[in-house]
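K.L.:
These are the residues of each chain, in order.
2 protein chains.
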Amino acid sequence: MERQSLSDLFSFLKPHQISESASVREQHSHDESYHRGPWPDIVLFPESTDDVVRILQTAFAHRIPVVPFGAGTALEGHVVPVKRGISLDMTRMNRILDIRPDDFLVCVEPGTTRLALNDALRRHGLFFPVDPGANATIGGMTATNASGTNAVRYGAMRENVRALEVVLADGRVIRTGSLAAKTSSGYNLNSLFVGSEGTLGVFTRIWLRVFGIPERIVAARAEFPDIPACVQAATALVGAGVPVARIELVDARFIAAFNRFKGTDYPVVPTLFLEFHGSSDGILHDIRLAQALLGDEGCTRFVAVTDEKERTTLWEARHSAAHVFMAQYPGLKHMATDVCVPLSVLPAAVAHAHRALEEHGMRGAIIGHVGDGNFHCSIALDPDDPDDLARAKAVNAEIVAFALAHGGTCTGEHGVGIGKRAYQAQEHGPALEVMRAIRRLLDPHGILNPGKLVDPDE
Amino acid sequence: MERQSLSDLFSFLKPHQISESASVREQHSHDESYHRGPWPDIVLFPESTDDVVRILQTAFAHRIPVVPFGAGTALEGHVVPVKRGISLDMTRMNRILDIRPDDFLVCVEPGTTRLALNDALRRHGLFFPVDPGANATIGGMTATNASGTNAVRYGAMRENVRALEVVLADGRVIRTGSLAAKTSSGYNLNSLFVGSEGTLGVFTRIWLRVFGIPERIVAARAEFPDIPACVQAATALVGAGVPVARIELVDARFIAAFNRFKGTDYPVVPTLFLEFHGSSDGILHDIRLAQALLGDEGCTRFVAVTDEKERTTLWEARHSAAHVFMAQYPGLKHMATDVCVPLSVLPAAVAHAHRALEEHGMRGAIIGHVGDGNFHCSIALDPDDPDDLARAKAVNAEIVAFALAHGGTCTGEHGVGIGKRAYQAQEHGPALEVMRAIRRLLDPHGILNPGKLVDPDE
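Here the protein sequences come in this chain order: A and B. Its first residue numbered 1, the first sequence is counted upward by one per residue in full-length UniProt numbering. Its first residue numbered 1, the second sequence is counted upward by one per residue in full-length UniProt numbering.
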């Protein structure tokens, strides 16, 4: 489509809501992963539900692809506009519309970031627990069913998104879910849209469940001689029902990278990073229990971190893991595997992944939300080197095959985007055709984020 | 359709899997509510997924309605075969197929009852927490997204059904969800089928999350001078984050009915029935905290119940509430309202419901899962007296209108069935058309439980 005519179609927007500049289009052509594709033809910045409705009505009428864009922190190429068209940048819809402390509910626009939301909640003694590390937008987190370090205690986005306002491909506006804590009314469209990666509709309002800030928060590091002992100990702790708020495996390679870039002096061994939330009394009981149990499983040193500054450093280290790992390989790009398996399978799955990295000689390190059975291999690769890319993809494929053979999923939290499409048929079998039929039903021309999630290869 | 030919269509089943007897058909024509309708033409008893596939293929080809039937304990006419056809009795598919203690997972056939499952889990130190009171089948509980007294701590069915095997209307078999604790792969069909009330498919296998039996369980009764104080105290307790496993409002009328039928001598005042789950140390802390907090909110007496027999009596009393209430009105039938509202709205919603019962002079009593914002008015009515029925429906309508006006839902846990259909358009707005489109997509001839949930009036 000719460039000038495209911007004319959206002349109902104000000039500052439209960009065709090369730098803005380039910025909207990729996320934080190795996936690359074309630039969008145009970037639009809606400021209201009504803007989104008019943009989608126009795009629907003219069959123009629309790719919602948040903070650009996705890891599977979700925001790459593989068929060009519109990148729909939601970041100017970033108002926090309502905070209801008595109901533990908040209503936000999708461009609100996780950290901005938590800043606003803090004065009410509340926090939003879902924490993927990156300062993603709530819209993006909803679109991928993001989770992260706190999910073992508080659940993923799906457990915490209570209602949505969604603009469908044809511009219809619907509301899904309920502000009530539970409902058995109608079909549960809410959970269908959470994790739909922009392929079923564009979110314009999101109601979230929030939580009271715990009376006391204590972090801890638990060191282990090797990865199998570390994973086994984590699964034993969760299996015993010890209430942890975070339990993260960090392998020695990540620890070495932290130390180098952050000036810490953590021992370079496989480590569990833990966090406990509770009352002043209860939390000490939980920590003592955890320490004893991890000791039985081979923990060589357990260090409780009560100081808030030290705790912040610890979680900054954890959250920057992928960044500091990648910083060791200037010019290379990041691939993250993301399988999630039943807890009893986790030790074998991590051992298998470790072997796969070694066998293919890949630059990789392992980190994991081990309380959920979810772990990542961060792999540094050169996407322009076919050999390197092929080896990285082979590692990913082997890790996914192991997970699927053991009742797991190819993606625990990053979502499918481009990178996990190849595994959808294998994971879902005949259910994939039902998913595709729902996609066609709600987006008959396939304008919403085409080429992602359940879309077939062409 | 002529009777004889119908049974011939299913001659691939064994004779004991088919019944056309009047008593069996009558038994499959109703649930535990006031809803009444025709009898099914035939009752079929599948014993395997393959039986279900062949039955649905045949029904699909011949456009015969199919109504899945479990324990018959529904409360909104879900199993009433309003268009006759087949009642598909799932109770012979009641095997517990797999218990995986290390993964906190179990796989059951849909006819497994809640109590049978918990009997089998006990020897592994596990339990399944969702507890609607009745000894429903897991299939029926999945179909209505049932919850009950434990949901405030453990969630409803939707939070605890991890994967499903589903036979679609045309006989296709799909698998939804994953055995992993979380997944962002594909669309979340799992949550779409949970709560679909037999209108999207028939469940043949259900994978559930289960929990370790708590180290210590203590129940308690907290007495209050009036209902507003009782509800206010419950919302304050939950708002303060005190970890309760159950928190149930029982009004004085229910208490009086218990005492009469169960020989208890509970004071006839509005009461909270509570339960705490935890470690021996932690639970005492929780109970002390709860007692202090409820005292501040006007609790006149707090009685902890540590003895297991006494605790069992207390929950038997709670679970038999509707039965003992109805036993006071021989010949009358039961209507239960089921709204769920944001917690801050609950005191006003219960007060409003109480007034509505009084104003219409209905025989009613109030009980509630107040930690979730969910409460029921049990109403005794004569469905053959148009005046009585009209007044009961007016009370229900007023209670629902209040809930919907305050961000709530018309049904927190019983589901829509026949009785809440009238409120679907009001609650869901334009989303109802999306629900109906999904229904038409998966069941183009509308053979699966027609006339329920999202189906339009005809």
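None of these hints come from the bench; they were simulated from the model. A virtual CB, placed ideally from N, CA and C, is assigned to each residue, including glycine. Any given hint might turn out to be false.
To be verified - FRET-style restraints, in silico, Cβ to Cβ: (1) B:G241 / A:E310: 19 to 27 Å; (2) A:R288 / B:G429: 34 to 42 Å; (3) B:E308 / A:R440: 31 to 39 Å; (4) B:A292 / A:A401: 52 to 60 Å.
K.L.:
Indicate, hint by hint, whether the structure satisfies it.
P.N.:
Right, here's what the structure says about each hint:
1. At roughly 26 Å, the beta-carbon separation of G241 of chain B and E310 of chain A lies within the given 19 to 27 Å, and the hint holds.
2. At about 52 Å, the beta-carbon gap between R288 of chain A and G429 of chain B misses the expected band of 34 to 42 Å.
3. For E308 of chain B and R440 of chain A, the hinted distance range of 31 to 39 Å is not satisfied, since their beta carbons lie about 55 Å from each other.
4. Taken as a hint, the range 52 to 60 Å holds for the pair A292 of chain B and A401 of chain A, whose Cβ atoms sit roughly 55 Å apart.
Of the numbered hints stated above, those contradicted by the structure are hints 2 and 3, listed in ascending order.
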